[in-house]
Amino acid sequence: MSLLEITDLKTYYRASDGWVRATDGVSLSVDRGETVGLVGESGSGKTTLAKSIIRLFPKNAEIVDGSINYDGTEITELTDRQLRKQIRWSEISMIPQNAMNGFDPVYTVGSQIVEVIRYHEDDTSKKEARKRARELFNELGIDPDRIDDYPHQFSGGMAQRAMIALALCLSPNIILADEPTTALDVVIQDRILETIKEKQREIDSAMIMITHDMSVVSETCDRIAVVYGGRVVEIADAETIMMSPRHPYTLGLRNAFPDISDEDKDLISIPGTPPDLVDPDEGCRFAPRCPFATEECWEVTPEAEDYGDGHMVECHRADEIEYLQEEAAKKETWMEQEIGRPDETPPEVTSDD
Amino acid sequence: MSTETNSPVTRLFDGVANSARFIRDKFEAFEGDRLGQIGLVILATFIFIGIFARPITIDFLNITIPGLAPHDPTATRVGGRLEPPSLEHPLGTTVLGRDVFSQLIAGTRVTLLVGSLAAFMAVFIGTNIGLVSAYFGGWVDDVLMRITDIVYAVPFLPFAIVLVAILGSSIVNIIVAIVLVLWRSTARVIRSQVLSHKQRPYVESAEAIGASHVRIMYLHILPNVLPLAFLYAAFAVGWAVIAEASLSFLGFGDPTMLSWGEMIFNVYTADAIRVAWWWVFPPGIAIMLFVMSVFFIGRTLEKVVNPELRHQE
Amino acid sequence: MAFRKKNRREFIRAAGATGLAIGVAGCSSNGDGNGNGVSGAEELGEQIRELNFVVPTSGVNQFRNELANMVAANWREIGIDVDFEELDFSAHVDKAVVQQDFDASLLGWGGTPERIDPHTFIYDMHHSDNMGEGGRNTPGYSNPEYDELAELQVTQPDEEERQQTVYEAQEIIARDQPRAYIANEGGIHPYASGRITGIEPTLGEGLNSFWNMISVEPLEGDTVTMGYPSEIISLNPMQDLATPDRQFVRLIYDQLFRIGTDGLPTPWAAADEPEIEDGGRTYTVEIRDGMTFHDGEDLTIDDVEFTYNLYADSPTYGSLVDVIGEIETSGNEITFHLEEEYAPFVANVLGQVYLFPEHIWGDVEPEELSDFEDENWVGSGPFMFEDWERQSELQLRAFDDHFNPPNTERFIRIPGSDVAQQFGALESGSIDFIGAIPQPTALARIDEDDDLDGADFEDIGYVKIAYNMRREPFDNVNFRRALSYCVPKTEYVDFVRDGMGTVTHSTISEHNEFWHNPDVEEFDEDLDAARAELEEGGFGWDDDGALHFGADQ
Amino acid sequence: MGLREYVIRRLLQLVVTFWAFFTLLFVLFRLVPGDPTSMFILDGMTPEQREQRIAELGLDQPLHVQYVEYISQLLTGDFGQSFIYREPVIDIIIVRFMNTIVLMGTALFFAYLIGLTFGALMGWWRGSKFERGGIVVTLAARSSPEFWVGIVLLSVFVFWLGWFPSGGMRTTGGELGGGFLARYGSTDFLRHLFLPALTGAIVFMATPTLLMRNTMLDVLNADFIEIKKAEGLPERTVLYRHAARNSVLPIVTVMAIATGAAMGGSVVIETVFNWPGMGREMVRAVNSNDYPVAMAAFFLMGSVVIIMNFLADLAYVYLDPRVEYE
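Residue numbers (the working numbering), protein chains in the order written: chain A, 1 to 353; chain B, 354 to 666; chain C, 667 to 1219; chain D, 1220 to 1545.
Honestly, the hints are just simulated from the structure, not real lab data.
Hints should not be assumed to be uniformly reliable.
[To be verified] What follows is a list of derived Cβ distance ranges for each label pair:
1. D:G1381 / B:V493: 21 to 31 angstroms
2. B:E441 / D:V1246: 46 to 56 angstroms
3. D:K1348 / A:M243: 27 to 37 angstroms
4. A:S244 / D:V1536: 54 to 64 angstroms
5. C:D1209 / B:L520: 44 to 54 angstroms
6. D:L1294 / B:V567: 35 to 45 angstroms
Think of the CB as a built atom: it goes at the ideal place given N, C-alpha and C, for glycine as much as any other residue.
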């Protein structure tokens, strides 16, 4: 039994023109101590998926179906109070994208750490809580005296470390890290990632790392789930995703980031934008942007298929892996005019075949 | 060389393009914004009434467009004393038998005049002070902002009353009094906006080219803060109209210009509030509607200037 | 745009057919249709310049503001450009009376009881001695023939003789029209007949009169509350006092004589009429026995003598008693020796000097007098000062030891922002009467409300337009007379004031029956007559109807 | 720059502002036509009396002499003597000032109490009918001049329903003077206070309502609010300790300015309700050329704004740690 077991989760938003299916039938499991990466462009639904785990979404959103089982507790069935007291932060905490905005600007960083410790641990005195905050600062490489500083007095990297301290202060079992380093410059990024990994191992917690950056996940994650259009389109261990992905979207994403092994490689981005998730039609949601889409892709929603070792892929053409990988590496494949519904502009791939 | 000759021209074009885009945005912003649309309709109606309130004679064409007001608003005894509304006098008559409906229509002009002139001048002054203050900084900024502080300490109505007592109560003096106080908020806002623009690369590059201060301020920075000035102008119209009405109500209005505020002052001094509801309510409601329409429009413009607001609606 | 006042002529031209025609009568004399387009003088000189017409704002006086508008419209009608200038009271007085920087000025002149004696209206207002800055003779009227009469009447102790002189004087100024005398603005003062009784409105003052305040009586309780649209400045009799102040100072302080309800001085603190000897140059007065001040001290003949010396020393009021040469006292009598004959001595001096307690004011330096503050305002009058909070209320209490105690135990005066606001308070019952004329709209409400009534009174003061005779073309008598023919006096009284008040043509009101000359020349709205006057004066009109001097002028 | 230097610097600016403000006033009032004797001329003041009075008041002195004299007088805390009443200005003005402060203070208090609550709710229920209706109502109130609101309230509550007195500050004939509580604590006073204060509250309410709604929206969208929720803190804590605390910042500045507007607007409300306040006194003083009183009234109104602005700045330093002492 995994620590966290998400089954067929559907989180929808009410919008003026219908339901936005931000998470639409996602299943995912996370083991103790494991790091799972959620990768996708912005708007793909990865953040909603992660926040659904602690039911942290606006008033107009709700989990319409599915289950989130955390260590035997069904999170979807908890009352708000139980959720707050038992799950949030004490079991599952988070590190936001921009730490600077993650702290309330009008209170000192230390007081905000103390606030959360004292809320969850009734018998911890203020003094003890402060002591723990200082220790955490020390461990994370910040001068402990700075707990009395205000957020704006920290540099970006320091603020992110302070945020990590906040996320770790209750030794949670799962940390939701939402693009924890994108706001920072590259040199600091690595050091912060290292720090996170180190602390994670120390307290043996699992982590869900949300990012659009393939290079970040490849270094830090055990397994990677690729999210598109509110669904997990491909999931496998990090190496498989990086070396031999089967989904065209994963291929495209990989193209968009520099390859550590091949410095000369051109960066290719996927044309188009993520789909509108308001009441989507049948068919693969990636089809409109996919250079390999066939008639079937437009008509039939692909089911997840298992390719061994937990490598699940939702694609009709996942079997043609060599061809796909070869073609996807070419820049021309991703030219915008090459893509579209077959009957409008027939893509070469199909006529060639 | 090419950049040097190019730069002012392109900047100018950019400025024009910017304004064009702003105006287009403005109208786009009204789409789907019910309040903004209502505001536009009300304002357009008032403008129409204001323009055609009284007869207009075009000399060289030798034609006279008849006015909307059925009677001379100042003529006494066009009806009886304090007659309630009737077909002849849709809004009844005043204590000296003047036609309230005609007065209401004639008052629209004064309102439009005060609103537009005062707002334009206040925003013009405010924008320039804000621009100069932020652009030059240092002691210039210090002096101008201290002056702004002092103007902020001036309570508006008492100041206007004193000024009108000195200069006499004419519409021009009332506008002057309003303008002298109203520019302050625009100056502050424009200043902070310009401060942020000053740091941007395009200003640095203009400086590098050796453009003059005036050129940088008016050709490079101004087009970028103009939308904000527009917004403040919209609100200033509302405040100016309220200010004129309040002054008139206190008896400091221009005696030669019958405004809505002065109509209420007349009801008040004629001690007819309890008797002649038809004389009190129309001008009061007119003031409210007019200012509301301007505020509705301002709110919509605000979304153009500050697109973040759009997502919050 | 509402062109109500300014440049009406231009407006008419610009607007074309707008139905704005006003007073079309007499247009034909304007020469429309008789070929040459010019009437009046054979050849035209310079055009008459724009005239500066200083008038009160409608906030100061709505009635008079309307009147001014009508007058200005008529002046424009006969071809004169008018610069219509509305001013607040203080600015108006400063410009017209002090600076004398005006062409025509529309102001009122109050009809307080001490002005029932014709001296103020005849001498102060029209004698050439008083045409300096701030003087009463605002128009700068200077006519030796008239001056002689004005001086003569002061020295005539015989009332019949003096009446004849005053009659002649009135004829002369009616003929010369240094001012347009328009209307005596009597009217009604509203009161709650359901709450008070014994009201006694008098000539010129209505319910503000002294006699009313001591005779008014509450039907229930012990308090009468009076409303007045403005606040009292001071109760110090030695300060510069405005009319509302005087109306209360005289409740607290007594005089030797008071102006009676008939307008004639009657003995008050004096026991009897004065003994006049020496051809009107010696006045002897005996004071009433047993009078005391509010603090219980006796009022003696020494206090009276002290008072007159105090006035003589006062920088503010010294001139009032200038005419007194010497004062003697013996027993209960005080004798005044005058420097010269002064017919209105009883009304204007003995009736206006307030009696002071020497034990309170004795040590005050003359230049401190106007700043002196007697916290309890101790006088000997029928009311005692009780308490005062400015802009809130002034409370008085009856002085029971007075020889003529008031009928109400307490008297409260409430200042308000305006009459309209106070009328509301009268209706709601927080005020018992108002010392001001309400708007015509209130008249109907008085009729409808069983608890309310209006006290009618007439006025001897009037509203008038002063012509600045120091400047041309006002030095031309025909010009002034023509302007006076443009004043719609009847319209003003009947329509604008809804019948309150009376039209006047003389400086002495018809309600001042003894002194009023009913046979003076009359000027009411008549534009034809105005044009005829102008033609006679050698003026003429151009094609546009604008008024010009004749070429020979 | 440290806090202390900042405060000192602001204090110095305050002094300069005061001086400039005062000089402006002096010049302004000397330009008003007429002089303090104009009031009396028609009531019998002779030309000699007039000249005597002008000299007494020192108004025949050159302007700069009058200016220096007045400044030095003011430095000793003396507003001088009323030209008309001939009493110390302070005696005349202080009661009016208190009356105005009590009226406007009450109005502002309720305007902000209601406005902030209303605005916060509008922000909370964004997009709802309540919010949309609220905006229209608020803008309608903001579009109405004070006198208009006052007249409507008078018509309804006094003339029609007869629930409240039509004006004044208390029923007449009672004991005058008395302590603060005796003056402002009685039910009679509160009955008189209700309508004028309501008028002010309605007019002043719009600004805090709309501002609170906007800042609420901003703050509720802020990342840290989400973090605070993720931390498991109860909604109340998040709302009050974090969201509201941050929303208050812009309100503080606007409140200082609103106080100024309220002081200025008091003239109108006092006129409509015959309130014995400073605004009316100032109009009277201007009309009768009683400069010392008019200037003192104007000066006090301005001072309230200047001082409120100063306090707002200081409060900001305390409330928002991000403020730098520039």
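Results of checking the hints against the structure:
Here the CB-CB span from D:G1381 to B:V493 is close to 60 angstroms, at odds with the stated 21 to 31 angstroms. Between B:E441 and D:V1246 the beta carbons are some 53 angstroms apart, a value that agrees with the proposed interval 46 to 56 angstroms. For D:K1348 paired with A:M243, a C-beta distance near 56 angstroms fails the hint of 27 to 37 angstroms. Under the hint 54 to 64 angstroms, the C-beta atoms of A:S244 and D:V1536, about 60 angstroms apart, fit the expected range.
Look at C:D1209 against B:L520: about 37 angstroms separates their beta carbons, and that is not inside 44 to 54 angstroms. Between D:L1294 and B:V567 the CB atoms are about 43 angstroms apart, so this pair conforms to the stated range of 35 to 45 angstroms.
Consistency with the previously given hints fails for numbers 1, 3 and 5, ordered from lowest to highest.
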